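Novice: These are the residues of each chain, in order.
2 protein chains.
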Amino acid sequence: MAQRHPDPTPGAVTGEALAEHLRAQATEFLRALRLHREGGPGADLDGAVRALRRSARRISGSLHTFRPLLDAGWAESVRPELAWVSGTLAQEQAYAARLERLLLALHRLSGTPVLPAQAPGLGGPASERGKVAVGAAKAGALLERQLTLARTRAHSAALRALAGSRFHAVADTVALLAGEVPLTPAAAGADLRPLAAAAEERLAAAVTALPLVRAGHPYNAEALVHGLSPDPSPHPQDAPWHQVRLLLRLHRYAREVLHGDDLTDVRLTAAGQALDRHRDASEAATAAAQAARTPRIAPATAYALGVLHADQRHEVEAARYAFQRSWGRQTVGTS
Amino acid sequence: MAQRHPDPTPGAVTGEALAEHLRAQATEFLRALRLHREGGPGADLDGAVRALRRSARRISGSLHTFRPLLDAGWAESVRPELAWVSGTLAQEQAYAARLERLLLALHRLSGTPVLPAQAPGLGGPASERGKVAVGAAKAGALLERQLTLARTRAHSAALRALAGSRFHAVADTVALLAGEVPLTPAAAGADLRPLAAAAEERLAAAVTALPLVRAGHPYNAEALVHGLSPDPSPHPQDAPWHQVRLLLRLHRYAREVLHGDDLTDVRLTAAGQALDRHRDASEAATAAAQAARTPRIAPATAYALGVLHADQRHEVEAARYAFQRSWGRQTVGTS
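Those sequence lines, one after another, are chains A and B. Residues 1 to 335 in our numbering are what the first sequence lists, from first letter to last. Residues 1001 to 1335 in our numbering are what the second sequence lists, from first letter to last.
Only chain A is shown next, with the shape it has when bound in the complex:
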C-alpha cells in the first residue's frame, strides 16, 4: 500500500505513489473497456465511455506533470495517443450537451418548450408577434438538426476508433501499465511534491494573466465584444480561460496522486465548474452563430439565433465572474 496523506502538508510522497496511481487508473481504463465491449441489453455504454475518458485524462495528466520520473520516450509517445482517445470519445457527449444547453436557453428565452415537435405550423400565416415564437421554434429545430447530425457522426467516429488498430495499440499500452509502470531508476524514492507544486505554479501563473479585475466587475460587456465582428474567430479572449481550465485539471489530478480522491477542495471544484461552464457556453454561442449562417433561413430564425448567441456569450461572462469569485477565496499559492 502506497503512502496516502489526508493532511495537505504531508511528508514526502514518493514515486511509488505515482506508480500505484497509474496502475489504478490503467485498471479502471481496462475495466471500462471490458464493460463497453461486453455491451448487451441494459449496459451503460455512455457510462463506460465516460469512465474510459476519465482514466485516460488522469493517466495523460500524470504523464505530463510527473514526466521527469517516467521513461521519457515512452511518456512522450503515449500522451498524444491518450489525448486522441479522450478527445474522440468526448465529441458525442459534447454535441448532446451543447444541444440540450441551447434548447434549454431557447425555452427560457421564449417561455415555451422548444422541441422539434413544436416546429410545425411554420408555413401558416403567422402574425408579426407569432413570428417571434416561430423564430424560436425554427431556431430550435435547426440546431436540433445540425447538432444531432454532428452527434451521430461523432458516435460513428467513436465506434470506428474503438474498433481500430490505433485504439488497440493504446489499450495494449494501458494493459502493460496496469502491470508495470516505467519509472526512471531514481523515481521510486523521489519526492513528488516539487513536480506537483510546479503544476500548481503553472496554474497560478496562468490565472494571474487572466483579466480577473475586469471579470470581477459584473456586466462588463466584455464577452460579447466583437460578437458581430467579421473576424472568423471573434473570441480569442476565451483561449486563456480554456488554458486555465486545462491547468486546473492537471493541478487537480496531481493532488489526487498526492492525496487521493478524499481530499477534494470545494473551492477548486467550484472554480473548475465555472471554467467548464465557460467552455460549454463559449462553444454553444459558436454553434448558434454557425447555425445563423445556414443559407436561406428565415429572418425570424436568424433573429432568434442572434438573441441566443448573445445569451450564451453572457453566460461566458457570468462564468468568468463566478470563477473570479471562487478564485478570490482560493488559498492556492506557489508554496
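FYI, nobody ran anything at the bench for these hints, they're computed from the structure. Note that the coordinates shown come from a computational prediction; the quantities given were computed from them, not determined experimentally. Beta carbons are placed, not taken as given, at the ideal position from N, Cα and C, and that holds for glycine. Errors might be hidden in some of the hints.
Unchecked claim - To give an idea of the interface, some chain B residues facing chain A are shown, with a C-beta separation under 10 Å as derived from the structure:
#1 A1221
#2 T1294
#3 A1319
Assemble chain B onto chain A, guided by the hints.
Specialist: Okay, now just chain B, sitting in the frame of chain A:
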C-alpha cells in the same frame, strides 16, 4: 426670500417656499419659451426645449406632491397639460439618443463604426464571414432609417404643438403662475414636510416591491427571460422599475422645494441615473426587436438585431444591478 434649509432635518418649511419654487420654475419656463421663439442663428433650440421640459416636469411634480396646499380644480386641470408638453417635447431627443445608443452598441459588438456610410457593398458577393459585418452595417442602416424618420416626425409634432392653441393655453397658465400661485388659504403657513415625506414613502414602498435580491445577484438572466416570447409586450417586468424612476424624480423634486438645489444626494443621483439607463436600454431593446420585424430583411441583418436586442436587455439587467447597489447604500426611510 423664503426659508431655505441646507440641513436635511430643518424646522418647518412652509407653503410660501412652495409658492416661491413654483414662481421660479414658471419664470424659467417662460424664459426658455422666449429663447425658443426668438430663435435666430446660433440659438440653442435644443437647450431651450430641454429647459422647457425641465421646468414643466418640476411644476407638474410639485402640483402632484403638494396638491392639498393648492387650489384643487386648478392643479387637476394643469397637470395633464404640463405632462403633455413635457412628453411631446421629449420625443425628438429620445429618438436621437436611442439611435446613438444602438449605433454605439453595434460599434462595440462589431469592432467597426456602424454608420450609414459603412453600409455600401451590401449587394456584393459576401463570404460567410463577411456577412456578419454586413449584417451589423445593415442593421445600423435600418435603425438609422427608422429612428431618423421617427425623430423627424417627433420634431414636426413638437413644432406643431408649440405653435398650437393647446400649448398657448399652457403658456398662459404658466405666465399667471409666475405672478401668483393659487395656494389654499391655509397653505402659506402649512408645513411642507409631511407631504414631502409622503412622496418619499411612496418611493420607498415601490422600491420594496422591486425584486432587489434577485437584481443584486449579477447575471441572473432575468431581463432577457421571455425575450423571444410571442407576447407582444414581453417585458412587463420593466414596468415597476419605470414606476420607481418616476417616484424617485418626484421625491427629488420635493427635496428641491424643501432644501433647494444645493442639497443634492449623490446616492439619489446614482440611483436615478441607473433607472434612466434602465429605461433607455429597455426602449432601445424594443426598437431593435421592432426593426427585426421589418419585412424582407436579410437573415444577417436579423441576426445582428437579435444580438443587439439581447445586448440591450443585458444593459437593462446591469442597470437594475447598479440601482440595487446604489440603493443598498441609501438612507432613505419613512421617517
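Novice: Give me the numbers of the hints this structure contradicts, sorted from smallest to largest.
Specialist: Violated hints: none; all satisfied.
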